[in-house]
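Undergrad: Going down the list, the sequences are from chains A and B.
55 is the number that the working numbering gives to position 55 of the first sequence; each next residue is one higher, with no gaps.
236 is the number that the working numbering gives to position 236 of the second sequence; each next residue is one higher, with no gaps.
Note that these hints are calculated values from the structure, not bench results.
Computed from a predicted structure; not experimentally measured.
C-beta: ideal position from N, C-alpha, C; glycine also.
Heads up, some of the hints might be wrong.
Now the stretches of chain B that chain A is said to cover, found in silico as 3 or more residues with beta-carbon under 8 Å [stated by the list, open to error]: (1) 72 to 85; (2) 280 to 294.
Now the in silico label distances, taken between C-beta atoms and shown as ranges [what the hints assert, rightly or not]: (3) D165/A / E294/B: 25 to 31 Å; (4) E101/A / P78/B: 19 to 25 Å; (5) E294/B / L10/A: 41 to 47 Å; (6) E128/B / D162/A: 40 to 46 Å; (7) Q206/B / Q84/A: 41 to 47 Å; (8) V133/B / D35/A: 25 to 31 Å; (9) R10/B / A110/A: 47 to 53 Å.
Sample of chain B residues lacking proximity to chain A, with all beta carbon distances greater than 12 Å (derived) [stated by the list, open to error]: (10) G18; (11) R68; (12) A140; (13) D148; (14) L152; (15) I156; (16) A211; (17) G243; (18) A244.
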Amino acid sequence: MAAVAAGAVLLYGIVTFNRLVALRTRVDNGWSQIDVQLRRRYDLIPNLVETVRGYAAHERELFERVAEARARAIDARGVAHQAQAEDQVTRGVRRLLAVAEAYPELRASAQFLALQEELTATESKIAYARQFYNDQVMRLNTLIGSFPSSLVARLFGFAPRDFFDIEEPVRGPVGVDL
Amino acid sequence: MYEQIAANRRRSVLLIAGAVLLLAAVGWAVGAWLGSGPAGLVAATIVAGLMAVGSYRYGDRVVLASARAREVSPEEEPRLHNIVEGLAIAAGIPKPRVYVIPERAPNAFATGRDPAHASVAVTRGLLETMNRVELEGVVAHELAHVVDRDVLVGTIVATLVGAVVLLSELFLRASLWGGSGGRRRGGEPLALLAIPFLLLAPLAAQVVRFAVSRQREFLADAQGALLTRYPPGLASALRKIAGARDVPMRASHAATAHLWLSQPSRFEGERTGWLERLFSTHPPIEERIRRLEEM
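Work out the full structure: start from the sequences and follow the hints.
TA: Right, here's the structure in full:
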């Protein structure tokens, strides 16, 4: 009887441990997906700035702020800091694209259109990667937080992860701080 | 939304179980009629199993070729490739291969035995009529089929149904030719029931097959909406597709109807009668839109 109970506990421990490991791998995988897309965006921004500069040279202050935001985001460490820095980059890119709207020739140029598609697509890939990452973090944190899997998690030192949160632009009017 | 997904899954499992039971019943009926061992059943099952493995491994190539789908590069179709890649990231699967079909009717399908061997094909008409949000809704629906391994489910169901049909027909033919009648055990009333049952079994099997297909469509709608987090995208796309229902598709035939996003039309007009619904691979498009709007 005791042997059966011990066996059941051991089996539960093994299954839970494997689920924890699988989820942790998915979280890491999700994070690297975000990272790939963020890097893609870092690469696209200088191109966009150069393209817009050709038509709207006087927006120098905006160009500098975008470049600064990009540099800060590249240097950011940790999920929370990264999310905050990327928020600024996103606003900068949106602002650049909005400025471009005022220049019909720029808006019609093939180079700009291709950049716009690339940036829009990268933005949505970042959003999707974030969604996948946050889903996996939620599942991992739920497993770590709920009983009795929390015992297994504590025994093997599984820690909850941070969500990749950014301020949703729909929450209110976006401050023009760029 | 999560409840819809769970309920759809349960119904699919029940339907597959129903198909298995039907096959078992047919096997029993044949055995009861012949009064002999299950040799015929075993042979038919092995043949059906081999055919299933073949279609599971090579089916995607056949299907893509029969739809005259052509693989496109990211340079040719940047928007489509970007959408597929983004949603693959959201679903946590490798990016599928991307195909375009030269057809005016807006439609799409996904194939491939697992997420690592998946392909998504859309028609030229779909690319031309849909905006980005709608295209995302459609591609998300197709990727949901990939994530759910619907090709596997479809293969299992088609095999079971095929085995039922094959067995019933073989047996009915054999008994009509009169060979086995004499070997029937006299005085067993159950054996008399076997003949009408074997006549009806193929029909029942097809009904189960179509029911599975319809359930998987609802499931993919719900899961696709979960991927994009925006059910109105697919709803709007389905509305456009419903509007273009009269555009016929040349590259489709009954054998591949269940694969497509919406059932390809071969003739004009609405299909609403209960008998037609029983033999449809897809739920009515209005019903799908209604469920998406409720999410």
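Undergrad: Would you mind marking each hint as holding or not holding in the structure?
TA: Checked hints:
1. For the region 72 to 85 of chain B, the stated coverage by chain A holds: 5 residues have a C-beta nearer than 8 Å to a C-beta of that chain, and at least 3 were required.
2. With 0 residues having a Cβ less than 8 Å from any Cβ of chain A, the region 280 to 294 of chain B misses the three-residue criterion, and the hint is violated.
3. In this structure the hint that D165/A and E294/B lie 25 to 31 Å apart at CB holds, the actual value being about 29 Å.
4. Here the CB-CB span from E101/A to P78/B is close to 21 Å, well matched to the stated 19 to 25 Å.
5. E294/B and L10/A have their C-beta atoms about 45 Å apart, which keeps the hinted 41 to 47 Å range intact.
6. The hinted window of 40 to 46 Å between E128/B and D162/A holds, with their beta carbons roughly 43 Å apart.
7. Taken as a hint, the range 41 to 47 Å is violated for the pair Q206/B and Q84/A, whose Cβ atoms sit roughly 58 Å apart.
8. Distance hint check: the CB atoms of V133/B and D35/A are about 26 Å apart, consistent with the given range 25 to 31 Å.
9. Between R10/B and A110/A the C-beta distance comes to about 52 Å, which sits within the given range of 47 to 53 Å.
10. With a least beta-carbon separation of about 31 Å from chain A, G18/B lies farther than 12 Å from that chain, consistent with its non-interface assignment.
11. No beta-carbon of chain A is positioned within 12 Å of the beta-carbon of R68/B; the least distance is around 27 Å.
12. Taking the minimum C-beta to C-beta distance to chain A, about 10 Å, the non-interface status of A140/B is violated against the 12 Å cut.
13. The claim that D148/B lies off the interface holds: its Cβ sits roughly 17 Å from the closest Cβ of chain A, which is beyond the 12 Å cut-off.
14. Residue placement check: L152/B keeps its beta carbon more than 12 Å from all beta carbons of chain A (closest about 21 Å).
15. The beta carbon of I156/B sits about 26 Å from the closest Cβ of chain A, which is more than 12 Å, so the claim that it is off the interface holds.
16. Remark: the non-interface label on A211/B is consistent with the geometry, its nearest Cβ contact in chain A lying 31 Å away (cut-off 12 Å).
17. Separation of G243/B from chain A is adequate, the least Cβ-Cβ distance of about 26 Å exceeding the 12 Å criterion.
18. Interface exclusion of A244/B from chain A stands, the closest Cβ pair being 26 Å apart, more than 12 Å.
This entry does not satisfy hints 2, 7, 12, going by the numbered hints stated previously.
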